[in-house]
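> Read top to bottom, the protein sequences are chains A and B. Our numbering numbers the first residue of the first sequence as 1 and each following residue consecutively. Our numbering numbers the first residue of the second sequence as 1 and each following residue consecutively.
Hints should not be assumed to be uniformly reliable.
What the hints assert, rightly or not - Output of the computed footprint for chain B on chain A, the stretches with three or more beta carbons under 8 angstroms from beta carbons of chain B:
1) 50-57
2) 131-140
3) 152-163
Claimed, not checked - To list a few chain A residues with every Cβ distance to chain B over 12 angstroms, as calculated:
4) 13
5) 36
6) 61
7) 73
8) 107
9) 166
10) 172
11) 173
12) 199
Hint data in this document are derived by calculation from the structure and do not stem from the laboratory. In this text, a Cβ means the ideal position worked out from N, Cα and C, and glycines have one as well.
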Amino acid sequence: MLLPAGDPRPLTKIAADETEPRVSPDGKLIVYQTDAYGDFDIMIFNLETSTEMRLTEMDSQETQANWSPDGRKIAFLSNQDGDFEIFLMNSDGSEQTQLTHNDTYEASPVWSPNGEQIVFLSRRGSYFQLYQLDVITGDEKQLTDLSATVHSPSWSPDGKYLAYIQEESTGSQINVLEMESGRSFLIADAFNKYAGLVWINP
Amino acid sequence: MCNKGRFFHAMSYNIVTLIMYYYVVIFLEWSDMILFMKSRFRLLMSFALMAVFFITACSGSTTEESIGTVEELELFETGIGILAFAAQPEGGDAYDIFMLDLPSGDVTRITEDLSADISPALPQEGGWLIFSSDRGGDIRSL
């Protein structure tokens, strides 16, 4: 469904906060979050039938849903154990599984292009850092160890690199992490502040 | 390579150190003590201040993990793509959308207006770059 630029119209009409929409890889579905049921839950909007489906119904906050590259799985956050953890479910809401188990906050799950890894933010020290989770084995690996908060991870299309923003007290900068070596490289710091980035195919 | 953030961080520390240094010099002149050492003391302090400044500004001391430079990153020789990002060009200016070509490092400005353009995203089918803007008062995706 293509709309002329600058001519938005509402798809959902519930009097609630409905945010963080993400279109499925096949372009037919939108996953988003709504507080229509008292706390945030994950919903699906079908662009072909204009129908909605509620995927989570727990008495907790479920947010930041993100499609796997093949569109079969959805990673999301839930605070049903007291703090936000990474969860996984099928795109119809079935087989909800908790992937991280700790007493700190996780955020921003991002799938690798091959769908085998999820990179996310976790605050296990003074600052949010990048971590990698193997979806099959559940193994976790810390990717950054900086004395600064990092955010906005974005995979390169070939999965070899991860761009992210590093916040300093005087401004921010874009780094690229080489996944094989684990080294980060400063890419851009000419501007005062950076606020989100996405990697585009060459 | 001296990082912008670390440079200003170090500068703020050294301004405080400089003020403390001049208090010591003024005290020495007032007390008229060890006059013969004052010139050497000033020279020594100047070298010490410069050393502290460059060590703190350029050694990466604010991060536990060293950050490499663009030149070190081999991918820049082969070219792997383009990064789209939102950035605030000057302190008080609104965010605009930019593109950074990774092989060349060239930056292209995509939007330029007084409203905030943020959150660039790429649809699966490609061809379009989506971003949010508060043009007209509300945040909308264009």
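> Take the hints in turn and mark each one as holding or not.
Hint-by-hint comparison with the structure:
1. 50-57: violated (count 0)
2. 131-140: Per the Cβ count (0), the hint is violated.
3. 152-163: Our answer is that it holds, as 7 residues pass the Cβ test (under 8 angstroms) against chain B, meeting three.
4. 13: About 17 angstroms separates residue 13 (chain A) from the closest Cβ of chain B, which puts it past 12 angstroms; holds.
5. 36: holds (20 angstroms)
6. 61: Non-interface label stands for residue 61 (chain A): nearest chain B Cβ at 21 angstroms, farther than 12 angstroms.
7. 73: Non-interface label stands for residue 73 (chain A): nearest chain B Cβ at 15 angstroms, farther than 12 angstroms.
8. 107: holds (16 angstroms)
9. 166: violated (8 angstroms)
10. 172: violated (8 angstroms)
11. 173: Label violated. Min Cβ-Cβ 7 angstroms, cutoff 12 angstroms.
12. 199: At roughly 6 angstroms from the nearest Cβ of chain B, residue 199 (chain A) sits no farther out than 12 angstroms, so the non-interface label is violated.
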